[in-house]
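First to last, the sequence lines map onto chains A and B. The letter at position 41 of the first sequence is residue 710 when you use our numbering, and the numbering goes up by one with no holes. The letter at position 54 of the second sequence is residue 723 when you use our numbering, and the numbering goes up by one with no holes.
If you are wondering where the hints come from, they were derived from the structure by calculation, not from laboratory data. Keep in mind it's a predicted model, so treat the numbers as computed, not measured. Careful, some of the hints might be misleading.
Note: identical chains are not told apart, hence a pair may lie in one copy or across any two.
[Said to hold, decoys possible] Heads up, simulated EDC-like pairs for lysine to aspartate or glutamate below, C-alpha to C-alpha not over 20 Å straight-line: (1) Lys-682 / Glu-731; (2) Lys-711 / Glu-724; (3) Lys-711 / Asp-675; (4) Lys-711 / Glu-730; (5) Lys-711 / Glu-746; (6) Lys-690 / Glu-723; (7) Lys-734 / Glu-718.
Number of protein chains: 2
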Amino acid sequence: MTYQVDIRVMPLKDLLDPQGKAVLGGLASLSLSSVTDVRIGKHISLTVEAGSAEEARSIAEEASKRLLANPVMESFEVTVTG
Amino acid sequence: MTYQVDIRVMPLKDLLDPQGKAVLGGLASLSLSSVTDVRIGKHISLTVEAGSAEEARSIAEEASKRLLANPVMESFEVTVTG
């Protein structure tokens, strides 16, 4: 069966996010100063062939650990959407 | 009040996603060939000061249209998480 899996990879909370800070500055100069913080990460959508949702999740977690996320700087979250 | 708003910016379905294709190749060479498609976009978390969830959403939509997403190549989806 085919599963759609979403992975959100975000910079760890304790780390600076220079891209987010740059966007925050850009929003302020567009008069959108009610935005007080910005953090930017990746959103990855995988299409996975697997026997079950659990198997699809474990494939996505392995992919995240081995290729998609850098555990030193990023955390990831896997959601199987079916 | 402070709202947390998540924005998902993805390349439009009809467009090639070269970054996704590169990752798909990488996964195949890690023997993760049950992944048949990969698309990569951005995940942006905003902290917004607003009077209501509706106002927070409209600020995030304006930010997406004016700065965060390029409508020629990307679509975006806003979720207010409270």
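Results for each hint:
With identical chains, the CA atoms of Lys-682 and Glu-731 are never at most 20 Å apart, being 22 Å at best within one copy and 25 Å at best between copies. Taking CA atoms no more than 20 Å apart as the test, Lys-711 paired with Glu-724 passes in neither setting, with 23 Å inside one copy and 25 Å between copies. When the C-alpha separation of Lys-711 and Asp-675 is checked against a cutoff of 20 Å, the pair qualifies both within a copy, at 10 Å, and between copies, at 12 Å. Taking CA atoms no more than 20 Å apart as the test, Lys-711 paired with Glu-730 passes in both settings, with 15 Å inside one copy and 19 Å between copies.
In this assembly of identical chains, Lys-711 and Glu-746 lie within 20 Å of each other by CA distance both inside one copy and across copies; the values are 11 Å within and 14 Å between. Taking the shortest alpha-carbon separations for Lys-690 and Glu-723, neither the intra-copy value of 37 Å nor the inter-copy value of 25 Å comes in at or below 20 Å. In this assembly of identical chains, the alpha carbons of Lys-734 and Glu-718 lie at most 20 Å apart only when taken from the same copy (19 Å versus 35 Å across copies).
This entry does not satisfy hints 1, 2, 6, going by the numbered hints stated previously.
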